[in-house]
Amino acid sequence: MTYRNNPDAINALVRPAEVHKDLFISDEIFELEMTQLFANTWVYVGHDSQVPKAGDFFTTTVGNESVVMIRDTDDSIRVLYNRCPHKGVMLVNETYGNAGRFLRCPYHAWSFRLNGDLLALPLKRGYDPEIFGQTEAQNGMAAVENVHNYRGFIFCRLNPQGQSFEDFFGESLSTIDNMIDRAPEGRLEVAGGVLRYMHHCNWKMLVDNQTDTCHPMIAHESSAGTAVKVWEEAPEGTPKPMAVEQFAPFVSPYEFFEGMGIRVWENGHGHTGVSNSIHAAYSEIPGYFEAMCEAYGEERAKAILSDVRHNTTYFPNIMVKGPIQTLRIFKPIAANKTLVESWTFRLVGAPDKLLERTVMYNRLINAPTSVVGHDDQEVYERAQHGLMSRGRDWVNVARLYEPGEENRKNEVTNGTNEWQMRNQYRAWAHYMTTGMKEAS
Amino acid sequence: MSQFTDQDIIDFVYAEARMLDEQRFEDWLNLFTDDGHYWMPLAHDQTDPRLHTSLMDEDKLLLRVRVERLKGQRTYSQQPRSRCHHLLARPEIETQHTSHQPDQGQYVVRTAFHYVEVRQDTQTLYAGWATHELRVEDNTLRIRRKRVDLLNCESALGSIQLFM
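So the protein lines, in turn, are chains A and B. In short: position in the first sequence from 1, add 69, done, that's this note's numbering. In short: position in the second sequence from 1, add 866, done, that's this note's numbering.
Bear in mind the hints are in silico, worked out from the structure with no lab data behind them. Note that beta-carbon positions come from the ideal geometry of N, C-alpha and C, so glycine has one too. There could be a bad hint or two in this list.
Said to hold, decoys possible - Listed next, with one range per pair, are the computed distances between beta-carbon atoms: (1) A:Pro-310 to B:His-963: 47 to 55 Å; (2) B:Asp-872 to A:Tyr-165: 38 to 46 Å; (3) A:Lys-422 to B:Ala-909: 16 to 24 Å; (4) A:Pro-355 to B:Asp-872: 44 to 52 Å; (5) A:Gly-306 to B:Pro-946: 39 to 47 Å; (6) B:Gln-945 to A:Gly-306: 35 to 43 Å; (7) A:Ala-86 to B:Arg-884: 28 to 36 Å; (8) B:Gln-945 to A:Glu-100: 31 to 39 Å.
Whenever a hint applies, use it, and build me the whole structure from the sequences.
What follows is the structure, given as structure tokens:
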């Protein structure tokens, strides 16, 4: 069986209530994800606060494409493929920096404007203009045509043709809106450092896990459950530490997660925590509510802060937590290897204590040294091994499935429903096969 | 207040590493003062543990959670268990460090190390420097702060399960 140019074979991997193991273990499927799925969807690149001045750059990946996000002299943000059009050298090798007025290749000093246009090359007289004009290199570095800056969040779509940014995200942008609105000045800045954690499993297991509410009390009993037990032994009257406040909700009972609800949007997006969430009961931080009231008025401030969404999955590969200002990106490296980056934001105009809480959350939950992350990683790795078994072929996502749900849009349901996972896999099949030509 | 010799300080650092390698975690936890801290920065030369995140920034309560967790029946990432091995260079007394005040019962010592963690068939090597800020309490040396600077603190790391 080959999947390339075979949309029927790909579609057959996603059934109403189960998906085939090849989604997680097949190298060919992984390659097609890179050329199809990650090209047809709007993929998160970075935040504009990472490149505040002209010439500032940030290198990252979109799928498996190495790209440079760079601020141009006209203040716009460009996304360039990180490849010199001359001999193919990766032009930028640092994660952050400032290129000055142009990018320069370290091999032969070909240089490029901040929008990728070829600026100059040494010994230019050695090139016949007519011949050179027929080469690809005359066009400079390739730029991603479709880049969208949504209130500071930069997304791109590698495929020149396709769905618009607005059509792709639709109502799901409300989570990003809420996270930004939590800043008294209505803007965010990347702050607090990025945690990078290597996982030996398929990237989609991590995406699934963001809306899996049936695992925390099981997988995290060892960490969150232990934290609660240790805290119970503290002398009476000891103030509850921020860390315990963050750990404890992970071991809430099933009823809590059922009740908090899940909202399923079109195109693979969705979020847990509609009416309640594990972030809902954090203690107040002095001065913050006052700053919000001053900025928005009391009624609007209360409305913003009462929206306590838990995990919002933006298909294909990020998760945003508005109430604690974190963003995780699941970077696919191979069918069985994924780099997870966990980013945190400062709410501009809010007391530092909010950033401190964000930073602590990120460290306690998302670090390679996190005891919460260890148990997640463990089950993903065991799944990656287990799926190689010839004893079974399918992964089950049947919980609370209802025939016909495929045609319903933007609904709220029971918080332990696996509808969002099914929503992701239906989107997966759609964007994997979009524009795919049948082999003749 | 009794004075501790350089050799006492050095012996303490080796003894602590041995406790970890032998998984005597309760004894290890008792080495810390009540306000003791274990800090593993995320960035080279990091000075701020509050508004910049860290790999670890654990007070005694969080260290206690880790130690209790390692004993738990449902600690799946430790089934089977990890083991660790410290190889220490000779510790150096940090006489220039502002917290090194022997007359007040405070000592600072820095130790280059190689640390190996192994679980099942995977063995991972880490290299770094540990800086111990020690304080004399009840006539014994205790850890006020242990700072662990990893050479690759900014790299994409896999799970680090035990203590360096």
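Which hint numbers doesn't this structure obey? Those not satisfied are hints 1 and 7.
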